[in-house]
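These are the residues of each chain, in order.
2 protein chains.
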Amino acid sequence: MMRTRPLKVALLGCGVVGSEVARIMTTHADDLAARIGAPVELAGVAVRRPDKVRGGVPAELITTDATALVKRGDIDVVVEVIGGIEPARTLITTAFEHGASVVSANKALLAQDGASLYAAAEQHGQDLYYEAAVAGAIPLIRPLRESLAGDKINRVMGIVNGTTNFILDKMDTSGAGYSEALDEATALGYAEADPTADVEAFDAAAKAAILAGIAFHTRVRLDDVYREGMTEVTAADFASAKEMGCTIKLLAICERAADGGSVTARVHPAMIPLSHPLASVREAYNAVFVEAEAAGQLMFYGPGAGGSPTASAVLGDVVAVCRNRLNEATGPGESAYTQLPVSSMGEVVTRYHISLDVADKPGVLAQVATVFAEHGVSIDTVRQQGKDGEASLVVVTHRAPDAALSGTVEALRKLDTVRGVASIMRVEGE
Amino acid sequence: MMRTRPLKVALLGCGVVGSEVARIMTTHADDLAARIGAPVELAGVAVRRPDKVRGGVPAELITTDATALVKRGDIDVVVEVIGGIEPARTLITTAFEHGASVVSANKALLAQDGASLYAAAEQHGQDLYYEAAVAGAIPLIRPLRESLAGDKINRVMGIVNGTTNFILDKMDTSGAGYSEALDEATALGYAEADPTADVEAFDAAAKAAILAGIAFHTRVRLDDVYREGMTEVTAADFASAKEMGCTIKLLAICERAADGGSVTARVHPAMIPLSHPLASVREAYNAVFVEAEAAGQLMFYGPGAGGSPTASAVLGDVVAVCRNRLNEATGPGESAYTQLPVSSMGEVVTRYHISLDVADKPGVLAQVATVFAEHGVSIDTVRQQGKDGEASLVVVTHRAPDAALSGTVEALRKLDTVRGVASIMRVEGE
Numbered sequence: 001m002m003r004t005r006p007l008k009v010a011l012l013g014c015g016v017v018g019s020e021v022a023r024i025m026t027t028h029a030d031d032l033a034a035r036i037g038a039p040v041e042l043a044g045v046a047v048r049r050p051d052k053v054r055g056g057v058p059a060e061l062i063t064t065d066a067t068a069l070v071k072r073g074d075i076d077v078v079v080e081v082i083g084g085i086e087p088a089r090t091l092i093t094t095a096f097e098h099g100a101s102v103v104s105a106n107k108a109l110l111a112q113d114g115a116s117l118y119a120a121a122e123q124h125g126q127d128l129y130y131e132a133a134v135a136g137a138i139p140l141i142r143p144l145r146e147s148l149a150g151d152k153i154n155r156v157m158g159i160v161n162g163t164t165n166f167i168l169d170k171m172d173t174s175g176a177g178y179s180e181a182l183d184e185a186t187a188l189g190y191a192e193a194d195p196t197a198d199v200e201a202f203d204a205a206a207k208a209a210i211l212a213g214i215a216f217h218t219r220v221r222l223d224d225v226y227r228e229g230m231t232e233v234t235a236a237d238f239a240s241a242k243e244m245g246c247t248i249k250l251l252a253i254c255e256r257a258a259d260g261g262s263v264t265a266r267v268h269p270a271m272i273p274l275s276h277p278l279a280s281v282r283e284a285y286n287a288v289f290v291e292a293e294a295a296g297q298l299m300f301y302g303p304g305a306g307g308s309p310t311a312s313a314v315l316g317d318v319v320a321v322c323r324n325r326l327n328e329a330t331g332p333g334e335s336a337y338t339q340l341p342v343s344s345m346g347e348v349v350t351r352y353h354i355s356l357d358v359a360d361k362p363g364v365l366a367q368v369a370t371v372f373a374e375h376g377v378s379i380d381t382v383r384q385q386g387k388d389g390e391a392s393l394v395v396v397t398h399r400a401p402d403a404a405l406s407g408t409v410e411a412l413r414k415l416d417t418v419r420g421v422a423s424i425m426r427v428e429g430e
Numbered sequence: 001m002m003r004t005r006p007l008k009v010a011l012l013g014c015g016v017v018g019s020e021v022a023r024i025m026t027t028h029a030d031d032l033a034a035r036i037g038a039p040v041e042l043a044g045v046a047v048r049r050p051d052k053v054r055g056g057v058p059a060e061l062i063t064t065d066a067t068a069l070v071k072r073g074d075i076d077v078v079v080e081v082i083g084g085i086e087p088a089r090t091l092i093t094t095a096f097e098h099g100a101s102v103v104s105a106n107k108a109l110l111a112q113d114g115a116s117l118y119a120a121a122e123q124h125g126q127d128l129y130y131e132a133a134v135a136g137a138i139p140l141i142r143p144l145r146e147s148l149a150g151d152k153i154n155r156v157m158g159i160v161n162g163t164t165n166f167i168l169d170k171m172d173t174s175g176a177g178y179s180e181a182l183d184e185a186t187a188l189g190y191a192e193a194d195p196t197a198d199v200e201a202f203d204a205a206a207k208a209a210i211l212a213g214i215a216f217h218t219r220v221r222l223d224d225v226y227r228e229g230m231t232e233v234t235a236a237d238f239a240s241a242k243e244m245g246c247t248i249k250l251l252a253i254c255e256r257a258a259d260g261g262s263v264t265a266r267v268h269p270a271m272i273p274l275s276h277p278l279a280s281v282r283e284a285y286n287a288v289f290v291e292a293e294a295a296g297q298l299m300f301y302g303p304g305a306g307g308s309p310t311a312s313a314v315l316g317d318v319v320a321v322c323r324n325r326l327n328e329a330t331g332p333g334e335s336a337y338t339q340l341p342v343s344s345m346g347e348v349v350t351r352y353h354i355s356l357d358v359a360d361k362p363g364v365l366a367q368v369a370t371v372f373a374e375h376g377v378s379i380d381t382v383r384q385q386g387k388d389g390e391a392s393l394v395v396v397t398h399r400a401p402d403a404a405l406s407g408t409v410e411a412l413r414k415l416d417t418v419r420g421v422a423s424i425m426r427v428e429g430e
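Taken in sequence, the protein lines are chains V and S.
Just so you know, full-length UniProt numbering puts 345 at position 345 of the first sequence, and the rest follows in order with no gaps.
Just so you know, full-length UniProt numbering puts 254 at position 254 of the second sequence, and the rest follows in order with no gaps.
If we strip away everything but chain V, and leave its shape as in the complex, we get:
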């Protein structure tokens, strides 16, 4: 059964992930060959700095000319682990044009240009696989695209960024503030020197766009995703969360509207009950909770980043793409047939936890409650605490549209008796 001409893989990038892909391809060559039905070999590795020695990659495979590598014509699969928009995008489309399929781990590029990359792949009869782009080693793209292809997904809610989960977990367990926890994450290598992409949730937003598109069979652009980072989360917020039996996570949430006619995608910190499976996701782990009409509630959990886990996801895709080539077939392409519109954050319906600093005098609660009522936001619980002439009010609402809550908060700020809005946090998972 086994053919002898090997399938050829070109590797673009040989950093933490790429070098691990190369290592496993070498050390596990026999297993990969048996699973594919043909041997697979590393045919070239494009890097920026060829002088930087990479463990295990033969020097003769290394090149600085990535374009020439993807144009060679004898490459079956291009593995793109460079990241960023360019030159990755051009290299991927060039690969398709020259008869290669592509396995990518590039969430930023897929979130921004997924549709045009899919179109290029289809035009040239090639595969585009990207399991590693969301939640690292956790099988998620394939289960959503294939295992749940006979079901209707209504909600995807997940922790898809390990850095921020590490920081929030530290804040939760140690009582540390944000900067202290960030410093620890940086020292341990969980956060980059410039943590913006993680802590401002750009990374999670890209993943939310990809997940929403797949889950709802529609196109969701990065700009469609509401994004709120987690730099403003305080130790006081965690204390409030604990009083409610909750913790705080940075969640990516993709939802189908109740009427089914639109979808939303958003990333923001939120309180979730300790009893929710996502609440116990610790350190830099990722987990994604999926609600489907027939399947019910599913959860996928595992390491969301790191060289080896990401290489595992990449190589699973390499095996799939190689099998497709031997079958002279391609796997499922883009599925965006529903063309559902993406609604804005104002239309998202959820619950809110709001802390107000108020004057400690009679009638304040009545005033505040009136403002909520006028905006159609129903109050679930109120807790009032007085201290030294000042007081705080903690309001937890029933489900209400985000726009109604924003209107409420704007009006609250104008009240003489409200000295400040200490925090607003959404409450999910109930």
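To be clear, the hints were calculated from the coordinates, so they are not data collected in a lab.
The hints are all genuine.
Computed footprint of chain S on chain V; a stretch qualifies when at least three of its residues, placed anywhere within it, have a C-beta under 8 Å from a C-beta of chain S:
1. 25-39
2. 289-298
3. 302-308
4. 323-335
The following label-pair restraints were derived from C-beta to C-beta distances:
5. V:G73 with S:E122: 30 to 40 Å
6. S:T64 with V:G261: 36 to 46 Å
7. S:G177 with V:E243: 33 to 43 Å
8. V:Q367 with S:G177: 49 to 59 Å
9. S:S174 with V:D30: 45 to 55 Å
10. S:V16 with V:A68: 56 to 66 Å
Built from N, CA and C at the ideal position, the CB exists for glycine as well.
Following the hints, position chain S against chain V.
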């Protein structure tokens, strides 16, 4: 792009799962067509009792002649949700012979005859898919076979039977004994009138055989799986578990030996630490923990049974098989190239929690400790409790081969000072 001749599905069995498959195929026909790239229609439904009305299935599709249905020659996919060995086995092979691929939820048959069914599928160029056979709606077979195809799986440990997890969870949370918890499970419909297949772990053992075969790319027969039911688990065991910071779960465990040269598969009740992700799997939910060389620790969680969840898994497979047919290709077949031997339970290395009823006199602990030492089983902790002339000894061991532990227990029973071995339970997940 869309072809107009529909793909035809024959449904064998129209009980809890089958009727849900039929319902979703009708109500979500447009979605299924869009995802497959061609319409798909229900071409016939074989049942034993045609007089029993099935919601939504047109009377003209119903037949009692399953054999004639699978022999029709125009069927693309046969969905087998009858269960049991015969007539399911003959119908599946007949389907292959007559040009149909098969989607099955039949764990007993796949555990017993998976290899010959795969061979028949391959001989006739057909697909055999069975995501629904293990852990219901949880995408597990596809992630193990495809997403992790570039990785090396070392361990699969899961809760794969919802009935027994429901019973154990009740015992844990309410302090109930086994029979009381079983009665509640029966009353709520979680346990069948004859619960043997579940509580004696035949069901879980079949799933362990399937999972071990896929995970290690070898053949594991049902007879290779060590099986111990959970009817002997007592409220006292749960009390002991709590003292250790553990709970008790019925676990299916598939492991690669440390030297990589063999594998084991077993199902038995075990203590696991409350901090382990499997400990918090409540009620009738299932979850499977996977340890792979590169990916690290992954967990898959969701409903393990029920009509709708199982139908979701079946339909995911139907979509995949239909796509394959449009591609004139087949998906991955059996992967058993490693041909690793399956070791017996005696070679499994794990930890043990042993409760002994002993005479309350000096020297007993020394005697008991000597027996452990003579059998090469190292003791981690001992707790001694005296009450009214009797005493109990609770011993927790370090990791030791199961055969050594069995020898230890046999020798302990012969000691005059040991009045009885109250319980032996393995300790996993540490």
